[in-house]
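*Asks:* Sequence:
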Amino acid sequence: MQSRGSSTRLSGMTYRSRIPTLLLFMFATFSTIYVAGRLWQDAESRVYLIKELDRITGLGQSAISVDDTLKIIACREQHKKLSALQMELAAARQEGFSSKRSTEIDGTSSKKRPLAVVGILTSFGRKGNRDAIRKAWMGTGAELKRMENEKGIVVRFVVGRSANRGDSLDKSIDSENRQHNDFIILDNHVEAAEELPKKAKLFFSHAADKWDAEFYAKVNDDVYVNIDALGAALTAHLDKPRVYIGCMKSGEVFSEASHRWYEPDWWKFGDKKSYFRHASGELYVISRALAKFILINRSILRTYAHDDVSVGSWFLGLDVKHVNEGKFCCSSWSAGPICAGV
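The numbers in my numbering rise by one with no breaks, and the one at position 150 of the sequence shown is 150.
Errors might be hidden in some of the hints.
Straight-line distance between alpha carbons at most 30 Å, and here's what the computed DSSO-like set of lysine-lysine pairs gives [stated by the list, open to error]: (1) Lys-112 x Lys-327; (2) Lys-198 x Lys-273; (3) Lys-240 x Lys-198; (4) Lys-327 x Lys-240; (5) Lys-151 x Lys-135; (6) Lys-292 x Lys-210; (7) Lys-127 x Lys-171; (8) Lys-292 x Lys-240.
Hints listed in this document are in silico derivations from the structure and should not be mistaken for laboratory results.
Throw the hints in and build the complete structure from the sequences for me.
*Replies:* What follows is the structure in structure tokens.
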């Protein structure tokens, strides 16, 4: 027969032995919940990996490698980013890619968006032409800055680099730019006559990236422009989000290598060998949305032998408003011309 004291000690020992058991049970329960949560979190990844495994084994491979697994996971992250971009694009489409003449800065003050960025495509040995343009219609120093501030038109000469980087040609351009500060120097472009279409593409890409303007214009360095007339003409098209303005033409495609306007890809233009509708290369203008399109897709946009044909080809499959404006025909004597070739 046990005493009351021994019975009490036995009961206490039984109670204490239950505490570790309870703690162990709680730990096991929490561990189970944690593992289940991780399995649930990774369920989508597991399904995706299984599908990829089925695809790869179907091609005769026995297993999916670690590298392939990492690529799949990276691909899923890209899908998430793409979905976010698609949502932003849908929102932009609802706005109709509409232009706004001002943008908010720090949520307080507003800065007027430039009306146009004009790129005068020039090359080495053309300083005489550039000086004539500065004197005739572009201006220099304070006058050039005043045109930007008051008329909203930014004008720059556009040039590449010499094939012999750092030679006297490059140094001459750098010296001229230090004097006038009116160049866009395309460091990744080698200056050459046959590279003019690529140069035009790089100009639009650079300008669209640096200036958020309403329009972007390309001009040859032997053309004089009436800046006031250009500004008035462009203002009339502010309501068109995707507009391509110029002296439109559809010239002959020349397949003879000895011809001045030879087109190596002449066979792509059909049996009649006529170019599609495009603006003359002396002066043409594109809207902000089209410049941004060139900026985003510059690595895959095809260039032909001539810059005007190349630019026109990029807009064939897009919903673009082509405006045939006689005032942009620099070689004609149309009423109120905007430009004149010399």
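*Asks:* Work down the list of hints and note, for each, if the structure agrees.
*Replies:* Results of checking the hints against the structure:
no., hint, result
1, Lys-112 x Lys-327, "27 Å, holds"
2, Lys-198 x Lys-273, "23 Å, holds"
3, Lys-240 x Lys-198, "26 Å, holds"
4, Lys-327 x Lys-240, "19 Å, holds"
5, Lys-151 x Lys-135, "18 Å, holds"
6, Lys-292 x Lys-210, "11 Å, holds"
7, Lys-127 x Lys-171, "13 Å, holds"
8, Lys-292 x Lys-240, "15 Å, holds"
Hint violations for this structure: none, all hints satisfied.
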